[in-house]
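Peer 1: Let the hints inform the model, and build the full structure from the sequences given.
Protein chains in written order, with this note's numbering: chain A, 1 to 397; chain B, 1 to 98.
To be clear, the hints were calculated from the coordinates, so they are not data collected in a lab. One or more hints might be untrue.
[Said to hold, decoys possible] EDC-like cross-link-like pairs, simulated, lysine to aspartate or glutamate; straight-line CA separation at most 16 Å:
hint, chain 1, residue 1, chain 2, residue 2
1, A, K5, A, E186
2, B, K24, A, E225
3, B, K4, A, E228
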Amino acid sequence: MTISKDQIKVEGLTGDAAIAHALKQANLDVLAAYPITPQTIIVEDYQRFAADGEVNAAVIPVESEHSAMSACVGASAVGARVATASASAGLALMWEVLYCAASMRMPIVFTVANRALSAPINIHNDHSDGMGMRDSGFIQLYCQSSQEAYDTTLMAFRIAENHKVLLPVMVGIDGFILSHNVERVEMLPDDVVEKFVGVRDPVQPLNPSKPLTMGPLALTDYYFEFKEQQDRAIMKAPEVYKEVEAEFEKITGRKYGMFETHKTEDAEIIILAMSSMGGTAKVVADVLREKGEKVGVIRLKMFRPFPAEDIAKALGNAKAVAIFEKAMSFGAATHPLALEVRTALYETKERPMIVDFVVGLGGRDVTPTTFVEGYEKTKEYLKAGKAPKYETLGVRK
Amino acid sequence: MSEKYNEIPMAGNIIEPGNSKNYKTGGWRAEKPIHDPKDCLWMKNGTCGRCWIFCPDMAVVLTEKDGKYSYAYNYDYCKGCGICANECPTQSIHMEKE
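Peer 2: Structure representation (structure tokens):
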């Protein structure tokens, strides 16, 4: 049953604060983190909750992000509900242990305020950090609003800890754009969240009365089999995500899907983007629609596992897909999001033209005009029947 | 070693402690230790045992029965590192090519 309005607490929260509130209500056992802009407020707020006695979790202030993720793995191994947060260089320092967390099947919730990677040092938003950890085995969910960040953080525990999955989940918000912007957030009552998230039921925890070894050596003879397990586990994520979200929708009336479609049904050109860019793209599409343009938007939320079949279906009837992405894979045929979309569409009979725009690196504003420019270019490419593999947009060149 | 991905514990977890016994590492060996009992202190009076202490693979097997001492290697696990030969104070151990 949907929660009645008088039970909901409405506050103006930044994306970071919304996540901190979700973590507070999710009944964590352990939070180990190291501060880095623009994620800092998540941990700052959470530590305040801990200092005020509002949460029971052990907060471990570690000396680095490598240690933060290591502490999370250790705590998760004994069966604790664990979360951490990071961004950019901090996330990069975690890199080795990210793979351990996923391979050891630790259901850690990792909230990230996505930020550019050095050098030059830059504190603003792009998706280089998220794409850098793309192959680590984490499930990746990118959010468009503070509300979605709150909702997704709560759902992330259920997805991660589900026995069919048992994998860590990254919940991404755009650094500064979302992490530091105040938006209206509806928060559920504590008891409703408590019932929704439940208590983690660990499958094979460390326990002195039933000794076991985690993370041992596996060479040529077994390693590959463990990777097979891991691959199958992440492929279960969409099914579990749908179940969890259906349950969440019953309580809140809100759902996001693995991706959101906006006026795509009869669209000739579909704009595909992630995170906060989705909001801008939708506004642009609405204005273009008023002018008679057949344009729609897909705002992708789940990047890992990539919902290839569903995306192919959703894009199938368009003439072109204009991808806007905030990361580069230097030297690649195209960039991360376009690589996925191209692969997803390869088997479809009439493939739409794919246009890949790299935008917004290092926090460069991606304004409505950026989308209009990309849209106009896409129309020209359609007319010419040919498009470059990718191009940068919004850079002085 | 013929188990499929779904016939082994999750994530490489070892749920029976001590199962490294099933993983015989003797095949890694390029040289093997050869023991000469003539001057060996263990064989003489059950003292010393430096080879046993230092062996990282517990592959030196020292036994005593009714005051009689015997000496052996467990070649299933001896990797041929040569530490025993290096530590022996009476040069009773030498390494030979496999």
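Peer 1: Indicate, hint by hint, whether the structure satisfies it.
Peer 2: Each hint tested on the structure:
The straight-line distance between the Cα atoms of K5(A) and E186(A) is roughly 9 Å, inside the 16 Å bound, and the hint therefore holds. A distance of roughly 20 Å separates the Cα atoms of K24(B) and E225(A); the hinted pair therefore is violated under the 16 Å criterion. Straight-line distance between C-alpha atoms of K4(B) and E228(A) comes to about 9 Å, which keeps the hinted pair within the 16 Å bound.
Consistency with the previously given hints fails for number 2 only.
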